[in-house]
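K.L.:
Based on the provided sequences and hints, a complete structural model is requested.
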Amino acid sequence: MYREKVNTRDELVARIMNSAALIKQERQDELRRATHTVAKRVEKCIEVEGVGFLNTYFELLQLIEIIDITNKCN
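When we follow the working numbering, the leftmost residue of the sequence shown carries the number 247, and every step to the right adds one.
The hints are simulated quantities; they were obtained by calculation from the structure and are not laboratory data. All the pointers check out, no bait thrown in.
Now the in silico label distances, taken between C-beta atoms and shown as ranges: (1) Val294 <-> Val252: 42 to 50 Å; (2) Arg279 <-> Lys251: 33 to 41 Å; (3) Asn253 <-> Ala285: 38 to 46 Å.
Each residue gets a CB set at the ideal place from its N, CA and C atoms; glycine is no exception.
P.N.:
As structure tokens, then:
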């Protein structure tokens, strides 16, 4: 996605969207399993800890996702 210089915001958005579509196509089963797993964990968090803990959990998931995406791009 970043091997060539991006000249405009629209070009960057297009590259990101194309990459996301490719990932979705190639890893659809993995994405489905991950989504299902997160949904189950959310339900359990609400049961056990409540909504306050859930907000912290989602912030952690976002950080992990950013790190994972960064590692895959390098």
